[in-house]
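Visitor: Put chains B and C on the given structure of chain A with help from the hints.
Spelled out, the chains give:
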Amino acid sequence: MTEAETTLVALQQALEERFLDSVEFRDQLTAVLQPEAVVEACQFLKRRDFDLLIALTAADHWPEEPRFEMVYQLFSVKLNALIGLSVSLEGDEPKVPSIESVYPSANWHEREVFDMFGIDFPGHSDLRRILMPHDWEGHPLRKNYPLGYEEVQFSFNFDDIDRRKKYAKD
Amino acid sequence: MLEGQMEVTVDELRGLVSERAIQGETMLLNMGPQHPSTHGVLRLILELDGETIVNLVPDIGFLHTGIEKNMEAMTYEKALVMTDRMDYLNNLGSNLCYCLAVEKLVELDVPPRAQVVRVLLTELTRIASHLLWLGTHALDLAAMSVFLYTWREREILMDIFEMCSGQRMMTSYFRPGGLWRDIPQGFEGAVKQFLELFPERIREYESLLTENPIYIERTKGIGVISTEEALEIGLTGPILRATGLPFDMRKAQPYSSYEQFDFEVPIATNGDTYDRYIVRMEEMRQSLNIVRQALDRLPEGPFRSNNRKFVPPPRSELGHSMEAVIHHFKLWTEGFLAPKGAVYVPVESPRGVLGCYLVGDGGPKPRRVHFHAPSFANLQALPMLSRGHLVADVIAIISSLDPILGDSDR
Amino acid sequence: MGLESKLGNLGAVTTSLEKAVGWSRTRAMWPLLTGLACCAIEMMAAQAADYDLSRFGMEINRASPRQSDLLIVAGRVSRKMSPVLRRLYDQMPEPKWVIAMGDCCSCGGVFNNYAIVPGVDEIMPVDIYIAGCPPRPEGLIHGILTLHDKVMAEKLA
Chain A
1 MTEAETTLVA LQQALEERFL DSVEFRDQLT AVLQPEAVVE ACQFLKRRDF
51 DLLIALTAAD HWPEEPRFEM VYQLFSVKLN ALIGLSVSLE GDEPKVPSIE
101 SVYPSANWHE REVFDMFGID FPGHSDLRRI LMPHDWEGHP LRKNYPLGYE
151 EVQFSFNFDD IDRRKKYAKD
Chain B
1001 MLEGQMEVTV DELRGLVSER AIQGETMLLN MGPQHPSTHG VLRLILELDG
1051 ETIVNLVPDI GFLHTGIEKN MEAMTYEKAL VMTDRMDYLN NLGSNLCYCL
1101 AVEKLVELDV PPRAQVVRVL LTELTRIASH LLWLGTHALD LAAMSVFLYT
1151 WREREILMDI FEMCSGQRMM TSYFRPGGLW RDIPQGFEGA VKQFLELFPE
1201 RIREYESLLT ENPIYIERTK GIGVISTEEA LEIGLTGPIL RATGLPFDMR
1251 KAQPYSSYEQ FDFEVPIATN GDTYDRYIVR MEEMRQSLNI VRQALDRLPE
1301 GPFRSNNRKF VPPPRSELGH SMEAVIHHFK LWTEGFLAPK GAVYVPVESP
1351 RGVLGCYLVG DGGPKPRRVH FHAPSFANLQ ALPMLSRGHL VADVIAIISS
1401 LDPILGDSDR
Chain C
2001 MGLESKLGNL GAVTTSLEKA VGWSRTRAMW PLLTGLACCA IEMMAAQAAD
2051 YDLSRFGMEI NRASPRQSDL LIVAGRVSRK MSPVLRRLYD QMPEPKWVIA
2101 MGDCCSCGGV FNNYAIVPGV DEIMPVDIYI AGCPPRPEGL IHGILTLHDK
2151 VMAEKLA
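Protein chains in written order, with our numbering: chain A, 1 to 170; chain B, 1001 to 1410; chain C, 2001 to 2157.
Please keep in mind that the hints were generated in silico from the structure rather than gathered at the bench. None of the values given here were measured: they were computed from a predicted structure. It is possible that some hints are incorrect.
Quick list of in silico lysine-lysine cross-link-like pairs, DSS-like style, CA-CA up to 30 Å [what the hints assert, rightly or not]:
#1 1192(B) / 1251(B)
#2 143(A) / 1340(B)
#3 1340(B) / 95(A)
#4 1309(B) / 143(A)
#5 1309(B) / 1365(B)
#6 78(A) / 1220(B)
Pulled a few chain C residues facing chain B out of the computed Cβ check, cut under 10 Å [claimed, not checked]:
#7 2036
#8 2038
#9 2040
#10 2109
#11 2111
By construction, the Cβ of each residue, glycine as well, lies at the ideal position given by its N, Cα and C atoms.
The shape of chain A in the complex, shown without the other chains:
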């Protein structure tokens, strides 16, 4: 058994029923957890030398439910092992506890996820927008947020765009 597998088995024993599943895809191990177990799982993994948080992000599976998925990738420099944590969140205004108290580097990453997906992190010290302007409306990386595509003017839609963008002619 590799280090990551041993750690995952130990994590399952520690979390019991809050550990939902473990997934192996392309040689990568991911533990699927209940949202409230994230902080405890991180504390557990940090005690076992998983000291570097090398990704914290989310994915939007709209229109499927549960809609959002939080993803954490933890790396252990000592054991040279990578473990992923995955948490599914339901609804349009999801919440998941902040892991900033365990991994201080999660601060900006959680702000980014808040900015881009609108996921709330109770317990975060300074949850503001980080990439978009502070008065921006909406959360761009949600699947139901438009790309904001500027249409290209061809002969078939020339007049149509001209009508909408009057200043383009000036």
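Guide: Leaving out everything else, chains B and C in the frame of chain A:
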């Protein structure tokens, strides 16, 4: 009180700066986004007591490009061009990271020749990136001539990239499954020439800075961080290695045949700005070493996979093979389909761990692409590194972190 | 002394005031030291040893908009950056010129999305557009020389 003197309201600042600043005891100074030494469009709010930094609040996002959202709207292969423009000093490295993620997701093999060429070019990119860093870092500390010397050598590398891909910076040369084209004639000669020239040039740069008393005075003991603190705050790359931990993704989790190369991971002990300089200089030598080995062992063979479901057929086949035409048409209109699942691939960029998190949903477009950007993670440590130092030292600390705002804002 | 003794006494050189003003404006154009993204790297390359922009009287980049008369918008302009850039433009004294360097700030380039302003001409008047992603340093130099021609042709009244 601050009211009336600023464009922002005091409430917006509450919580970011100390109560002393709200009372007017300490001074708030805005730096950036247009500032010569913030390396792009980084904005900082400095809280100063005299000339000492009490606190520092970075404000990023001025170069937020929506790359991740844009990639979701493109097929896997077309989305590649976005990765060049993300970290624009490590174009080929970002290409590599994304290609590895796609290849892992669809289980696509890469022929050995392509792997070695990838290593070779990624290491040249690392040298080009460190050269730019060295030039601008020295320029920030008022050593103008280093800038002119490093750009002279960078141009040689730009010529090599242009030779391969036709572009100086936005190469898009690595494609899922291999390379865009085989390396051109004259490539090996050009790289050999660079290999002969460059060791002497590194010594030249070192003779300008390493024992320069002004440079030492401005960098030694500035922005010190310990290994434990660095891991806590998520620092990686040369900054982490300067604290004494030999952690390098190329050694820890080798990718693209790095395990076949013999190289060292340079470290230093103090974790200050000067040590980061030492580590990066030594890294250039090690990269050169890898390039030399890659050139010696460059295997013959195909330069991209012949799995026609993912890699377009060569132009010559299109004339006489109906199957090739169909594959070509399918790949350039619909693109290839990737299975449901998520992969995470970390690689070592010149700035630290660059990770690509890629989610496929069975369709031709990625459901989610996320890049764990090293500049984003490293910039987070800026307040911690700068507290208690003078304003002039912040300049040295920013440049020692080597932030690329395109990388951090994406 | 020097040139005069070789050429003899030239006396007065006559030219139109417009030409004299245009000439003096083009020979010492000071660009604002601001870079946004990838194009800024090529802009630096144009100023470095190999391409040597100082041949055209432009080796001094001023970091203050009050001291510069040319704004080279080098890179993509995000929605968050656009008010800042407009403010920099407003702070520059007349006469001033703007070069949109690269595809992103000419038309949005490959980034057709919510975050990027599709062309910097949405927020300020642009004199010269330079195509390329990023343009080569030669491209930038060509753009600057084209701007010089444009300035030389400007009428005073």
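Visitor: Each hint should be assessed against the structure and marked as holding or not.
Guide: Hint check results:
no.	hint	result
1	1192(B) / 1251(B)	holds (25 Å)
2	143(A) / 1340(B)	holds (17 Å)
3	1340(B) / 95(A)	holds (25 Å)
4	1309(B) / 143(A)	holds (28 Å)
5	1309(B) / 1365(B)	holds (15 Å)
6	78(A) / 1220(B)	holds (29 Å)
7	2036	holds (6 Å)
8	2038	holds (4 Å)
9	2040	holds (7 Å)
10	2109	holds (9 Å)
11	2111	holds (6 Å)
Checked against the numbered hints above, the structure breaks none of them.
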